[in-house]
Amino acid sequence: MITIEGPIAAGKTSLTELLSDRLQGTPFYEPVSDNPVLPLFYQGNKEVAAGKWKTNPYAFLLQVFFLNRRFKMMKQASADKSSVLDRSIYTDQLFCKMNYERGNMTKVEWETYRELLENMLEELPYASHQKAPDLMVMLDISYPTLIKRIKIRGRDYELPEQDPSLNDYYHDLLKRYARFKRDYEKSDLLVIDGDRYDFVNSTADRWEVLDQIYTKMVQLGQLTGEKQQCLLNKER
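Take the sequence shown: its position 18, counting from 1, is numbered 18 in the UniProt record's numbering, and each next residue is one higher.
Hints were generated in silico from the structure; no laboratory data involved. Quick caveat, the model's predicted, so the values are computed rather than measured. By construction, the Cβ of each residue, glycine as well, lies at the ideal position given by its N, Cα and C atoms. There could be a bad hint or two in this list.
Capping the alpha-carbon separation at 27 Å, the derived lysine-lysine pairs in BS3-like fashion look like this [stated by the list, open to error]:
no.: 1; residue 1: LYS181; residue 2: LYS107
no.: 2; residue 1: LYS107; residue 2: LYS54
no.: 3; residue 1: LYS227; residue 2: LYS81
no.: 4; residue 1: LYS52; residue 2: LYS107
no.: 5; residue 1: LYS72; residue 2: LYS181
no.: 6; residue 1: LYS175; residue 2: LYS216
no.: 7; residue 1: LYS75; residue 2: LYS181
no.: 8; residue 1: LYS181; residue 2: LYS148
Pair ranges (Cβ atoms, derived) [as the list claims (entries may be wrong)]:
no.: 9; residue 1: ARG179; residue 2: GLY103; range: 14 to 22 Å
no.: 10; residue 1: THR112; residue 2: ARG236; range: 48 to 56 Å
no.: 11; residue 1: ASN119; residue 2: SER82; range: 27 to 35 Å
no.: 12; residue 1: LYS148; residue 2: ARG179; range: 19 to 27 Å
no.: 13; residue 1: SER142; residue 2: SER33; range: 20 to 28 Å
no.: 14; residue 1: ASP80; residue 2: ASN167; range: 38 to 46 Å
no.: 15; residue 1: GLN212; residue 2: THR106; range: 37 to 45 Å
no.: 16; residue 1: ASN35; residue 2: SER82; range: 23 to 31 Å
no.: 17; residue 1: SER165; residue 2: SER142; range: 14 to 22 Å
no.: 18; residue 1: LYS148; residue 2: TRP53; range: 26 to 34 Å
All chains, please: the whole structure from these sequences, using the hints.
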C-alpha cells in the first residue's frame with residue numbers, strides 16, 4: 001500500500017493516477033468531486049472569519065464525512081497488494097485538529113472525532129497488520145505553488161480572492177504539514193519537491209519523480225531493479 005500525501009493542490013490525485021497506472025495497481029481517490037459538505041465548510045470558515053459565526057457548523061461534519069470515506073478506502077485497499085491511496089488517515093486528523101485550534105470546531109467535536117478515530121482503528125479487522133502504508137510519498141510545496149495550482153483547478157470556494165481569510169488558513173496548513181513531515185514515523189517516507197517537479201506537464205519531471213519513487217520501492221524490497229528499469233524505459 002502506497003499513500004500519496006501533501007497539502008491542498010500539491011498534486012496528490014494526479015500522482016495517485018499516474019503511479020497506479022504505471023504499477024498496474026488500484027487507485028483510491030480522496031472524495032472531493034462528490035463531497036456535498038466541502039463548499040459549505042469553506043463558506044462556514046468565511047462566516048467565522050467575518051465574526052458572524054462563533055464556530056463552523058460544517059467542520060465536524062466534513063471531518064466525519066472524510067473519515068467514513070477514508071476507512072472504506074482503507075478496507076478495500078488492504079485487500080489489494082498494489083493499492084495507491086490519495087491522502088492518509090493521519091492528515092485527516094491534522095485537518096481536524098487545525099480546525100479545532102483555529103476555532104472552527106468545538107472542544108466536544110474535536111474530542112468526539114478523536115475517540116471515533118481511535119475506536120475505528122481498533123475495530124478494523126486488518127488494523128493489527130496494516131494501519132500504516134508500506135510507503136508514504138509526500139509532495140512538498142510552497143505557498144506560491146499552492147496558490148498557483150488552486151487557481152489552475154478553479155474551485156471558487158478555495159480561492160483567497162473569494163475569501164481573504166484563506167491566506168492565513170493555507171499558511172497555517174503548510175506549517176502543520178512541515179511538522180507532520182518532520183515527525184512522521186509510521187512508515188518509510190519519501191519527500192518529493194513539488195515546487196521543482198511538474199510531473200503532470202513535463203515528461204522529464206515525470207521521469208525523475210517516478211525514478212525517485214521506484215528507487216525507494218527497490219530499497220524497501222517492493223520492486224526489483226530490473227522492473228524499475230523496465231518501467232522507466234517506457235517513459236522515454
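Here is what the structure says about each hint:
no.: 1; hint: LYS181 <-> LYS107; verdict: 26 Å, holds
no.: 2; hint: LYS107 <-> LYS54; verdict: 13 Å, holds
no.: 3; hint: LYS227 <-> LYS81; verdict: 16 Å, holds
no.: 4; hint: LYS52 <-> LYS107; verdict: 19 Å, holds
no.: 5; hint: LYS72 <-> LYS181; verdict: 25 Å, holds
no.: 6; hint: LYS175 <-> LYS216; verdict: 26 Å, holds
no.: 7; hint: LYS75 <-> LYS181; verdict: 25 Å, holds
no.: 8; hint: LYS181 <-> LYS148; verdict: 22 Å, holds
no.: 9; hint: ARG179 <-> GLY103: 14 to 22 Å; verdict: 20 Å, holds
no.: 10; hint: THR112 <-> ARG236: 48 to 56 Å; verdict: 52 Å, holds
no.: 11; hint: ASN119 <-> SER82: 27 to 35 Å; verdict: 29 Å, holds
no.: 12; hint: LYS148 <-> ARG179: 19 to 27 Å; verdict: 23 Å, holds
no.: 13; hint: SER142 <-> SER33: 20 to 28 Å; verdict: 26 Å, holds
no.: 14; hint: ASP80 <-> ASN167: 38 to 46 Å; verdict: 39 Å, holds
no.: 15; hint: GLN212 <-> THR106: 37 to 45 Å; verdict: 42 Å, holds
no.: 16; hint: ASN35 <-> SER82: 23 to 31 Å; verdict: 26 Å, holds
no.: 17; hint: SER165 <-> SER142: 14 to 22 Å; verdict: 20 Å, holds
no.: 18; hint: LYS148 <-> TRP53: 26 to 34 Å; verdict: 30 Å, holds
Taken one by one, the earlier hints all hold for this structure without exception.
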